[in-house]
Amino acid sequence: NPATQTVENQAVTKKFVTAFLLYLHTICTQLVNIS
247 NPATQTVENQ AVTKKFVTAF LLYLHTICTQ LVNIS
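Throughout the sequence shown, residue numbering follows my numbering, covering 247 to 281 in sequence.
Treat the hints as calculated values from the structure; they're not laboratory data.
Please note that the accuracy of each hint is not assured.
[Claimed, not checked] Label-pair restraints from in silico Cβ distances:
hint, residue 1, residue 2, range
1, I280, A249, 44 to 54 Å
2, N247, I280, 48 to 58 Å
3, A249, N279, 42 to 52 Å
Quick caveat: nothing in here was measured; it's all calculated off a predicted structure.
Where a beta carbon is used, it is the ideal one built from N, C-alpha and C, also for glycine.
Between the sequences and the hints, there should be enough to build the whole structure, so can you do that?
Here it is in structure tokens:
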């Protein structure tokens, strides 16, 4: 079912974006702590 596949792809994209934002947040926090 193409519709189901689209929903699954959106869920995967959401997880990836969330993980990426958390990753950036962690880096920024570390940079602030270093300086």
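Evaluated hints:
1. In this structure the hint that I280 and A249 lie 44 to 54 Å apart at CB holds, the actual value being about 47 Å.
2. Judged by the Cβ atoms, the range 48 to 58 Å given for N247 and I280 holds: they are separated by roughly 49 Å.
3. At about 45 Å, the CB distance of A249 to N279 agrees with the hint of 42 to 52 Å.
Hint check: no violations occur; every hint is consistent with the structure.
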